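If you read the sequences in order, they're chains A and B. Residue numbering for the first sequence follows the numbering used here, starting at 1 and increasing by one per position. Residue numbering for the second sequence follows the numbering used here, starting at 189 and increasing by one per position.
I should point out that these hints are in silico values taken from the structure, not numbers from a laboratory. Watch out, some of these pointers could steer you wrong.
Stretch-level coverage of chain B by chain A, calculated; a stretch enters the list once three of its residues show a Cβ under 8 Å from a Cβ in chain A [what the hints assert, rightly or not]:
#	stretch
1	212-219
2	326-339
3	358-365
Here are the computed lysine-lysine pairs in the DSSO-like style, where the Cα-Cα straight-line distance is at most 30 Å [stated by the list, open to error]:
#	chain 1	residue 1	chain 2	residue 2
4	B	230	A	15
5	A	42	A	150
6	B	230	A	42
7	A	77	B	203
8	A	66	B	230
Computed footprint of chain B on chain A, listed as stretches where at least three residues anywhere in the stretch have a Cβ under 8 Å from a Cβ of chain B [stated by the list, open to error]:
#	stretch
9	50-61
10	140-146
All of these numbers come straight from a predicted model, not from anything done at the bench. Yeah, the Cβ is synthetic: ideal placement off N, Cα and C, and Gly gets one too.
Protein chains: 2
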Amino acid sequence: MRLYMGLLHYPVYNKRRQTIASAVTSMDLHDLSRLARTYGIKTFYVVTPLEDQQRFAERILDHWIKGYGATYNPHRKEALELVRIASALDITIREITAEEGEAPVLIATDASRRDAKIITYRGAMGIIDSGKVVYLLFGTGWGLTESMIKRADCLLDPIEGVSDYNHLSVRAAAAVILDRLMSRDRGV
Amino acid sequence: MRLYMGLLHYPVYNKRRQTIASAVTSMDLHDLSRLARTYGIKTFYVVTPLEDQQRFAERILDHWIKGYGATYNPHRKEALELVRIASALDITIREITAEEGEAPVLIATDASRRDAKIITYRGAMGIIDSGKVVYLLFGTGWGLTESMIKRADCLLDPIEGVSDYNHLSVRAAAAVILDRLMSRDRGV
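Please put together the full structure from these sequences, using the hints given.
Here's what the structure looks like:
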């Protein structure tokens, strides 16, 4: 598996569907890096153009990787070591391309959008299993902007529970998506 | 489906495997209530014997259900309306029993424990589909104590990703578990 994931803090929508750069949260870094470690993600990119937010993310990583946190809770260190902070998506794509020798297939995720580019979970598993490099993109705030969805190669089928309610946190959505894509023997 | 879930803040282990009452966190209430709403949970019990923690949880609910939050973000209101705060597991079991006319099957969850009581996801789905009342128990901190696991009727198979790392947040674990149990057509 050559699977990467990115948490984009820009460009994303706010509640009023304005394009913004959202704030980095400590909880997202912890929860998503632990998911990344569980499901075999090679690198988890935290993307924000805001320098103060990059520094905030770096301070969290430093604490848990090099500081007191590393001895207090080595499991967090092991997870957060998968994180790289980047200022733009393009930079992360170039880094993945350099590392893997080919450009990744960009699969965007969204809570509700329907689009010609929709790919099913089975379809996405097929791409991953074929050995291609796959880069899963998650949006913070009210989700990735249209421009980001256009930029992606595919858009993953939205999660549907048993109700019409589709307002999961990005932490919960990423958990469901990674489990659906990567747990091949999930005992169901 | 007659499915309930509880987030227990006592009795759970801390890092040193001492039995403690953990603190309620706002993020857990938000993420888990949104999961509950997505996956058709009837009531999401937040269980803590600590009165200040009960009050803290009530303040969060009040803000999002009756206060400014209710108009600011009605999706959060809709999710948090499923939450009930209780001081002990027994009280929630009595409440469920009164509501449903029968005692619930208690299914505990844990990151790693193996036990004679282990039930697979398929097994748990069978119980849910049979029409029985099921009460899923999640532990905060370092997980439910042995006494709680003993008390449960079954212990759900731990989540296994693609690595030997099993340190998901309770938010991510609950997301994976509810999706495995409840999304019958998950497009995989």
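Holds or violated: residue 66 (chain A) to residue 230 (chain B), with C-alpha atoms at most 30 Å apart | violated (44 Å)
When you check the alpha-carbon spacing of residue 230 (chain B) and residue 42 (chain A), does it fall within 30 Å?
-> violated (38 Å)
Okay, the stretch 50-61 of chain A and chain B, do three or more residues pass the C-beta test at under 8 Å?
-> violated (count 0)
Would you mind confirming whether the straight-line C-alpha gap from residue 42 (chain A) to residue 150 (chain A) stays at or under 30 Å?
-> With a Cα-Cα distance of about 25 Å, the restraint between residue 42 (chain A) and residue 150 (chain A) holds, given a limit of 30 Å.
Chain B covers the stretch 140-146 of chain A, three or more CB atoms within 8 Å, holds or violated | n = 0 at 8 Å, threshold three: violated.
Compare the distance between the alpha carbons of residue 230 (chain B) and residue 15 (chain A) with 30 Å, and conclude whether the hinted pair is satisfied.
-> Holds, at roughly 28 Å.
Okay, the stretch 212-219 of chain B and chain A, do three or more residues pass the C-beta test at under 8 Å?
-> holds (count 3)
Compare the distance between the alpha carbons of residue 77 (chain A) and residue 203 (chain B) with 30 Å, and conclude whether the hinted pair is satisfied.
-> Roughly 16 Å separates the two Cα atoms, so the pair holds.
Mind taking a look at whether chain A covers the stretch 326-339 of chain B? Criterion is 3 or more residues with CB to CB distance under 8 Å.
-> This one is violated; 0 residues, fewer than the three required, reach chain A with a Cβ under 8 Å.
Coverage criterion applied to the stretch 358-365 of chain B (partner chain A; beta-carbon cut 8 Å; 3 residues) = holds (count 6)
When held up to the earlier numbered hints, the structure conflicts with 2, 6, 8, 9, 10 and fits the remainder.
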